[in-house]
Amino acid sequence: MNKDLLPLGVRVLLAPFGFLAALVLMIIIGLRVGLAQVIQYRADLALAKKNETILKVKQDLLTQIQPGISRQSSLAAVALPGENPLLLVVSQVKTIAAANGMVLTGLKVGLGQETPAQAGGVELSLNLSGSLPSIVNLVSQVKKIAPLTRVSSLDLSLVGPLTQATVGVRSYWAPFPTKMPAMTEPISDLNESEQKLLGELAVLTLPGFVSLTPTAPVENLNQFGE
Amino acid sequence: MANINLLPPDLGPKASVLRLSASLKKLTTLALVIFCVFGTATGVYIFWLNTRIKQVQASNEVLKTTLKSLAETEQGLFLVKDRLAKIKALTGQSDKQDPLVGFEQILGAVSPDVSLTEVKAASGELSLSGSCTSGEALGRFWQGILTNPEYKTVELENFSFNPKSGYLFELRIASR
Chain W
1 MNKDLLPLGV RVLLAPFGFL AALVLMIIIG LRVGLAQVIQ YRADLALAKK
51 NETILKVKQD LLTQIQPGIS RQSSLAAVAL PGENPLLLVV SQVKTIAAAN
101 GMVLTGLKVG LGQETPAQAG GVELSLNLSG SLPSIVNLVS QVKKIAPLTR
151 VSSLDLSLVG PLTQATVGVR SYWAPFPTKM PAMTEPISDL NESEQKLLGE
201 LAVLTLPGFV SLTPTAPVEN LNQFGE
Chain Y
1001 MANINLLPPD LGPKASVLRL SASLKKLTTL ALVIFCVFGT ATGVYIFWLN
1051 TRIKQVQASN EVLKTTLKSL AETEQGLFLV KDRLAKIKAL TGQSDKQDPL
1101 VGFEQILGAV SPDVSLTEVK AASGELSLSG SCTSGEALGR FWQGILTNPE
1151 YKTVELENFS FNPKSGYLFE LRIASR
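If you read the protein sequences in the order shown, they are chains W and Y.
Each residue of the first sequence is one higher than the last, beginning at 1 in our numbering.
Each residue of the second sequence is one higher than the last, beginning at 1001 in our numbering.
Hints should not be assumed to be uniformly reliable.
To be verified - Per the computed footprint, the stretches of chain Y lying under chain W, defined by three or more beta-carbons under 8 Å from a beta-carbon of chain W, are:
(1) 1024 to 1035
(2) 1135 to 1149
(3) 1152 to 1158
Stated by the list, open to error - What follows is a list of derived Cβ distance ranges for each label pair:
(4) Ala-1031/Y / Arg-11/W: 36 to 46 Å
(5) Leu-1168/Y / Pro-177/W: 22 to 32 Å
(6) Glu-1136/Y / Gln-195/W: 17 to 27 Å
(7) Glu-1072/Y / Asn-127/W: 41 to 51 Å
(8) Gly-101/W / Ser-1123/Y: 49 to 59 Å
(9) Leu-87/W / Phe-1161/Y: 31 to 41 Å
These are calculated hints, taken from the structure and not from any lab test.
Predicted model, so just to flag it, every value in this text is computed and none were measured.
Backbone N, C-alpha and C fix where the C-beta goes; we use that ideal spot for every residue, glycine too.
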């Protein structure tokens, strides 16, 4: 373009206007890039600080509850096992029946009805013979055993010297959780109602487990002997 | 020596244009200085933010390492919470349907004149069959049942009199 085509006034203003326009463009780009960077870094810092707070709270809480958690988790796992607790319940009920001087004349097992909270249920029907007070005792004691068991039905025939009873009990189980939450997920201690429930579980009668202590292998010195 | 402008005045730019040009140059310089100052400040701020992020992340890594050693405790707490939530849901439902609500009180109220022959209990319903030799004892027994606040309805299903065994009755009780 021939400069002489433009008037002198325009030619004089062209350079300052050009510089100013270039600077304005630079400011706009700089502002956009700079602001975006600042916003991103600030968000990253806020997230890192939030995670730091969560991790610190978690560390304090876990250190504080560490001594007692093993007993509490065992208690909760026995009260609501991860697998069908049928054998444990049968053993518990038989122990109660024997302790109350009752004779177990029959036993029937069935699957429980649908239960909430992704849990399974097992139904047990027991035919018992004994005195009325002993049956009442059994019914009240069944509620206090672990795994968690409830009396679902009761049929009593009080004709004759001994009371014949058919007691239906229902016990529950639920698979153990398989996934842990992320490390930066916040956790909280047991609340008041959970503590209360745990206290109730603590008084349940636990099944009698037999634990065998493993022994070290012993060398057989006389391999072909008797 | 005095400056003499030999050019004709209409060949040079106008004075207002020259003033505007000078103002634009000053404005450009000022804007450039401000841009440089703010640019440097932003750069320093971003550097500081980056350093701070690295510090906090390093601290988080240390905390994560400590938490890994406490993983068993965390699993225990998670398990306890999971079990308690499920127990609460299960017992909440089954305790509402407890078939033996007030059953022990009924047995306690049975006098020697009243004898129960059959008791059936299932999901909030209790059915009692029995006999009684005395009308007065039967009234007291029923009164005990009727005034029990645990019961919603008490229905007399069957009632008869037999001179040999006395009053025969059958009650159906629904708990609240």
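Hint-by-hint comparison with the structure:
{"no.": "1", "hint": "1024 to 1035", "in the structure": "holds (count 7)"}
{"no.": "2", "hint": "1135 to 1149", "in the structure": "violated (count 0)"}
{"no.": "3", "hint": "1152 to 1158", "in the structure": "violated (count 0)"}
{"no.": "4", "hint": "Ala-1031/Y / Arg-11/W: 36 to 46 Å", "in the structure": "violated, 23 Å"}
{"no.": "5", "hint": "Leu-1168/Y / Pro-177/W: 22 to 32 Å", "in the structure": "violated, 55 Å"}
{"no.": "6", "hint": "Glu-1136/Y / Gln-195/W: 17 to 27 Å", "in the structure": "violated, 50 Å"}
{"no.": "7", "hint": "Glu-1072/Y / Asn-127/W: 41 to 51 Å", "in the structure": "holds, 45 Å"}
{"no.": "8", "hint": "Gly-101/W / Ser-1123/Y: 49 to 59 Å", "in the structure": "violated, 29 Å"}
{"no.": "9", "hint": "Leu-87/W / Phe-1161/Y: 31 to 41 Å", "in the structure": "violated, 50 Å"}
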